[in-house]
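**Q** Turn these sequences into a full structure, and let the hints steer you where they fit.
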Amino acid sequence: MKSLVIKFISIFIGIICILYYILVNALSGKTTFSSFYLILGVVIILYTLFINKLLKLQWFKKVYKPIKILALICISIFIIVEGAIIFYPKKSLKPCDYIVVLGAGIRGENLTATLRDRLDKTIEYLEKTGFNGEIVVSGGQGPGESITEAYAMEKYLVENGVPKDKIVLENKATSTYENLNYSKKIIENLSGKPIKDLDILVVTTDFHAMRSNLLAKRNGYDNVDLYTSKTQWYLVPSMYAREFFAFCKSYFLDKRI
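Going by the UniProt record's numbering, the residue at position 202 of the sequence shown is 202; the numbering climbs one at a time, nothing skipped.
One should not assume that every hint holds.
[What the hints assert, rightly or not] Pairs of lysine to aspartate or glutamate residues, derived as EDC-like cross-links and limited to a Cα-Cα distance of at most 16 angstroms, are as follows:
no.	residue 1	residue 2
1	Lys94	Glu178
2	Lys217	Glu159
3	Lys91	Glu127
4	Lys249	Asp199
5	Lys94	Asp199
6	Lys155	Glu178
7	Lys230	Asp120
8	Lys91	Glu124
9	Lys94	Glu127
10	Lys121	Glu159
11	Lys230	Asp117
12	Lys185	Glu145
13	Lys185	Asp199
These aren't lab readings, by the way, just hints derived from the structure by calculation.
**A** The following block contains the structure:
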């Protein structure tokens, strides 16, 4: 009876993962990580249905225990890193010298909801603090984008009352590391000072805060704070799961230039 309940719960979780994949695609179109939940759901269901048959195979019985231990280690690491990502500080209203707004994709010439939320948070920071300095909007042009993210961001900010002469475009970056590295060079040219001597505010989305801070530090931003928007509710599972892998990749591969 107990094993039947566990099987039912596992299959139910698998179905939820598949339904979540369908929901995300229906609400926001296919995202770069939405397939993760489709694959996860199928794997959970297949594992639940066929594990007993597999355990009857001698070769599988030999590798099952090491695989199970490895899976438990990976799940533990995932939980620890996700906890850090979720609870990382994200709301600083401290004064700063420059603002850097990180790009988040556009469709054609239209802002994604994630990028629009970041720009709204930038405007909110300006209203709350009276900041009157320069804002670097960072983002190049990727597949399916008719214009650069930086240009789309500038257009939105100007339409919402931000003076155009206060906005500086960084229109080459295609990753978070490049966002921060290229923005650093622009800011140092504008200010005549090394980035380590300036107070920088990075505007991004909550799931992205810890990795943004890591990469900012690796690019020499010694005095950096974050101001973040909330992830769209239906994207929370997808974006936070994706961010685990992105953070691990950045931690090990995105080194200081």
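**Q** Each hint should be assessed against the structure and marked as holding or not.
**A** Going down the list of hints, with the structure as the test:
no. : hint               : result
1   : Lys94 with Glu178  : 25 angstroms, violated
2   : Lys217 with Glu159 : 32 angstroms, violated
3   : Lys91 with Glu127  : 15 angstroms, holds
4   : Lys249 with Asp199 : 27 angstroms, violated
5   : Lys94 with Asp199  : 9 angstroms, holds
6   : Lys155 with Glu178 : 22 angstroms, violated
7   : Lys230 with Asp120 : 11 angstroms, holds
8   : Lys91 with Glu124  : 12 angstroms, holds
9   : Lys94 with Glu127  : 13 angstroms, holds
10  : Lys121 with Glu159 : 15 angstroms, holds
11  : Lys230 with Asp117 : 8 angstroms, holds
12  : Lys185 with Glu145 : 25 angstroms, violated
13  : Lys185 with Asp199 : 15 angstroms, holds
In the structure shown, a violation is registered for the earlier hints numbered 1, 2, 4, 6 and 12, in ascending order.
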